[in-house]
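> Chains G and U, in that order, are what the protein sequence lines are. Numbered by the working numbering, the letters in the first sequence go through residues 1 to 287 in order. Numbered by the working numbering, the letters in the second sequence go through residues 1 to 297 in order.
Do not rely on the hints blindly, as some may be mistaken.
Said to hold, decoys possible - Coverage of chain G stretches by chain U, computed from C-beta distances (three or more under 8 Å per stretch; other residues unrestricted):
{"hint": "1", "stretch": "70–82"}
{"hint": "2", "stretch": "86–92"}
What the hints assert, rightly or not - A short, non-exhaustive set of chain G residues, derived as facing chain U with CB atoms under 10 Å:
{"hint": "3", "residue": "12"}
{"hint": "4", "residue": "32"}
{"hint": "5", "residue": "64"}
{"hint": "6", "residue": "137"}
{"hint": "7", "residue": "234"}
Quick caveat, the hints were computed from the structure, so don't treat them as lab data. Where is the CB? At the ideal position from N, CA and C, for every residue including glycine.
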Amino acid sequence: MKEKKYRARINWGKELRLLPGYIVVGAWIAFTAVILFWIFAASLSTSRDIFTGKVLEFSTGFHWENYANAWKDQNVSVFFANSLLYSTVSCAGVLIIAAPAAYVLSRWNFRGSKTIRIGLVIAMSVPTIMIIMPLYSLAVQWGIKGRVLLMALYIMLRVPYTAIYLLDFFSTLSRGYEEAAALDGCSPARTFWVIMLPLIQPAVVTVTIFNFLSVWNEFFMALIFTPSGDATPVGVGLLQIVNSMQYSHDYGGMFAAVIIVFLPTFLLYIFLSEKIIAGVTGGGMKG
Amino acid sequence: MRKNKILIACFVAPTVITLALMYVYPVVRTVLMSFFRVESLTAPTDTWSFYGLQNYFTILHNSSFKTSMVNMLLIWLVGGAITLTLSMVMAVILTSGIRFKKFFRAAIYMPNIVSAVALATMWRQYVFNYDYGLLNDMLQLIGLDKFQWMGGDAKFWSMLAAFIFGSVGYYMLIYISGIEGIPTDLYEAATLDGAGKVGQFFRITLPLLRGIIKTSITFWSINTTTFFLWTKMFSPVNTEGSTIVPVVYLYDTVFGGKGVVHRDAGAGAAVGVVLTIIIVAVYVITNVLIKDGDLEY
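Bound-form chain U, shown alone (with noise of 0.2 Å):
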């Protein structure tokens, strides 16, 4: 037994270690420093003075956090719905017997494997592109005008079209597991009793997905309030209010972008918080909406 606790000792030590310096340490000094005020993050903590919820009186006041948490809300709410909806219907479609799904799923998923910078700069410098883009050749195919698919207010809908497009498959493996998790004579006997395909997918399909669906639900949430890369890959190199999303601002605070005059570290810290409470809260209040419907079957 002795020696057990030397190797226990031993084998779990760098994954504390990791746990600690990783995880531990930097989560407690982020919270901390939202209540300091702290101008450079490399400031050592006794040039800290304490200012109370100021910092996040600071974000809330500022008008470029404001427009960065309504083009979060509307990813989450309009891309959510979107997104988790494609989804649904790809999974339907992919187990209701058709042929290649092995192919199909492959292909859908793969948007989520190769590398998020590449494909939105796919998307960037050649789809929505104005003079030789796919869409844009698509609408003079069919006789319209070109579309400044990169302008002013398009953008945003632009980048969470291509966002979700690479969203999806994700998604819909998720769904495909649980569709396949449910029995077949559940269906057979549905069918005896004279239900349709709709109804099926309403009252059978679901409803016994619900504890999937939440699942979904939460993922989708930390994407959202994670959401960086796209919008750091649509607007490079200024930030622009169309594209902002709160991480881009926190990133331009603490580490300085075009436009940020002073560098306010606290105020960062703030909105990591503020984003963390978001996703517990999400957390919370789709746990209490959908119960988990632990059925056996």
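So here's chain G without its partners, still in its complex pose (with noise of 0.2 Å):
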């Protein structure tokens, strides 16, 4: 109510233009805050209650066990623990593998940078589809599998992105960091893992916010990948719970984990919205 008496004597007629536009996102926000407010409260609900329509009431309190339930009995603790893994030491590893490429392409043209480069623009819209046959051949046949091989291919697969986005930051240094560093006996190696990278490390910290997400999200390659077991990963772990609900019928577990699951990229988000959206139109994509 304050702020609408706020608006009205600012610019009253100029709101009253925008209303319809107020009432179209509103009415979306409204939307998605009824859907996520009701699941979160059936997550402390029961299935009874839950089908009978009383997720609200509460009338046998908020079963907070839901969650530990759900932890334990359904397994969500491992799937968490092992998104958890894929997530960092993706994100570690594809920073080690892709940063410095990132760097020599920005810096020197050589036999063959023009390929690489270009094979990291059509690797990044390469189909998983296309790639996913032939690797899940190659991982029998090299006898690799769970979790070791999830991590290794979260890695390879955000090699291409990482490398094309801090390329394009590289650029933009200039050369006179390696030339002071230079005569003051630093080797190129050392300069760029002691100077250069962290000089871009907004840039570093955004990619990583993206291919944390885009791990903890991913959902073919560990569908096909680990069907079930222990290397699971919360994605294809939630569609297990969901498959075994006809056995179960623990609805309000099921909700729980659906919040447990949804939680991390969430308060991420909340944290992270202006950076994140920033990321999505700025560097990665050009128009």
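Grab the two chains, each in its own frame, and use the hints to assemble them into the complex.
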């Protein structure tokens, strides 16, 4: 209400003209909010209350044990730990592989440098279905499976995007840094790790956020390479929980699992939305 | 200079190996495999027998594949028209000078950030639920009968609606950044000349956003051809004709699903190649049809 008065004093006419816009956007967001709110309420409710439409009454109190059940009995703890492992390891691994290449490609033209650049851009848009089948047979042939396999795949999957993204930023750096470092007797490799990479820290942070989100939410490869078992990450794990719902009928537990899977990236987004949105529209993609 | 050569080689080698191992070799092998008779993915290459275009004929005569292509076309055409229009509407609204723009923008983009599996579960288990779902509650509130959102053919449109809802935010962001790149004096001049808001949109905004619209069509095409997760979440156990898409068909054919008698990796590879050709074709066609408006302003 306070907002409205404030608005009226500034420019009532303008706000009125914008009213249809407010209604459309407001309805859209209200819809989202209702869904999230209800799911959260249901995660603290019982299957019985959910089916009788009494989710918001909490007649038997808040059932926080749904979360404990999901975490332990439904194996969400395992899925969660796996996803965390995949996301963090691949974020670090992809930087170690892609950052040096991005640096070198931005600094020197050498035989094959153009091919590598074009290769990276094309690789970014190769659909997963074109690579998944040979990767599967390679993995079987080499006897790699489980967590190690997924970590390796996720690292390699993110290399093209990361290299291209960082390349743009390295090209903006002055060569003066390297010259100064060389005068001080710093080796080129050391110059890269100690001076050049920290200089593009904001870009590294942005690309790492995107890599983290993308690995956390990855589904297709996870489904193919860990159909069941210890290495399952959250996405595939949640699918398994939903599928087993027809036997367990623990709807409260399922919605708790949904919230657990949903929360990490949601919280990350609440804190980093400005940076993420700037990253989507700025760097990686150009109109 | 010699020192630099060693540095370059060491720095670039892991990326080159990644490209070769993760992209070049698999793509080449997938393309080759589509011309051979290969039953199991793990079959060694010396057991492959040359099959010509037979794999392509096999999938083109398969009724599941045909259904999946029709579904994909519907998602691309109907879903694309709705998504890109809605995104444009949202982008225009958010750049029209309304308050809380940053919050609105972030909230609409949010579904792109959170786990799509969680999102799809929310839609399937709550919004579309027959007994306690949001939509049926709303129908009953206005005195209408409940509807089977997840039944028969309705399932496809329910799935598409949920997918569109999650996609709008991304294209909206692209359009917003495009609109914000258009200098405001163009609009001021148009207003002075007596052009209305609608006229300004069709005569200034749309033409200047050509390049960005082209990009968004390409992205939408890639998203549609690689459509998988939502079908898997809406028909998790058994693949159904109403929701099947080519990648799900590929998944069932290669990795085995219910009703798949014998696996056929060669046919799966052919599906992959067909989809890739479609993506490239759409890219080329949009590039020819929509000339890049590299206008200086």
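> Which hints, by number, does the structure contradict?
1, 2, 3 and 5
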